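K.L.:
Protein sequence lines correspond, in order, to chains A and B. At the far end of the first sequence sits residue 112, using my numbering, and the numbering has no gaps. At the far end of the second sequence sits residue 118, using my numbering, and the numbering has no gaps.
If you're looking for bench data, these hints aren't it; they were derived computationally from the structure. Quantities reported herein were computed from a predicted structural model and do not represent experimental measurements. Hints may be right or wrong, so weigh each one.
Short, incomplete list of chain A residues facing chain B, as computed with Cβ under 10 Å [unchecked claim]:
#1 Tyr33
#2 Phe45
#3 Arg108
#4 Val111
Here are a few chain A residues that face chain B, going by a calculated C-beta distance under 10 Å [said to hold, decoys possible]:
#5 Gly3
#6 Asp50
#7 Phe64
Where a beta carbon is used, it is the ideal one built from N, C-alpha and C, also for glycine.
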Amino acid sequence: EAGVTQSPTHLIKTRGQQATLRCSPISGHTSVYWYQQALGLGLQFLLWYDEGEERNRGNFPPRFSGRQFPNYSSELNVNALELEDSALYLCASSQQAGNIQYFGAGTRLSVL
Amino acid sequence: AQSVTQLDSHVSVSEGTPVLLRCNYSSSYSPSLFWYVQHPNKGLQLLLKYTSAATLVKGINGFEAEFKKSETSFHLTKPSAHMSDAAEYFCVVRVYNAGGTSYGKLTFGQGTILTVHP
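Model the full assembly from the supplied sequences, consistent with the hints where possible.
P.N.:
Here you go:
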């Protein structure tokens, strides 16, 4: 069974551009979560989607947004990129809200 | 509010010796606790979980953790370290509200980097 898949693996952007990161959950999972792992800041919760709706978001500015599609895949959009947005972005999925979260390998975003 | 504190940022052991990675938690309600491992340039893999059943939890690759409510601890142990155990380990708590409903988010400790020497 395929795990959580994320694309692209690496993404290089310049300041002010927009980045789009994609995530496909494990088959049968309806909840998708996004986390940011930035150097020196640890792993921080970004967003939670369940059944197509945003259920919770972490302490991030509105230029971080996303959506969940009818097939439960998700994308994370980061607008007006700043240098400090450089990080590993991890996506996780779970069968239902509150169940164990399984993580993908991440997308490494570099903002130059 | 729920939080976790990993007491050591780095732990170094010799292959074949025991491993102890320490974690204290803070939770207003009965917590769900996890240990995840992250190998270099990889995602997070679940090692084990505690969800109010047995206090001694066995995980993959010979790891186990004991939930001690009186000490608010959830330390991770392994009897004998292997070179392949070298990685970063995260103690994690799942956040709930007063009604027991999950907020979805996981709160991560700062991580402990485990080095295993031959």
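K.L.:
Decide, hint by hint, whether the structure agrees.
P.N.:
For each hint, the structure was consulted:
Below 10 Å, beta-carbon pairs count as interface contacts, and A/Tyr33 has one with chain B at about 6 Å; its hint therefore holds. Evaluation of the A/Phe45 hint against chain B yields a held restraint, the C-beta minimum of about 4 Å falling below 10 Å. Hint status for A/Arg108 relative to chain B: holds, with the closest Cβ pair at about 8 Å, below 10 Å. The criterion of a C-beta within 10 Å of any C-beta in chain B is not met by A/Val111, whose closest approach is roughly 19 Å, and the hint is violated.
The criterion of a C-beta within 10 Å of any C-beta in chain B is met by A/Gly3, whose closest approach is roughly 8 Å, and the hint holds. Because the smallest distance between the Cβ of A/Asp50 and any Cβ of chain B comes to about 7 Å, under 10 Å, the interface hint for this residue holds. Annotation: A/Phe64 was flagged as interfacial toward chain B, and the flag is violated, the nearest CB pair being 14 Å apart, outside 10 Å.
When each numbered hint is compared with the structure, violations occur for hints 4 and 7.
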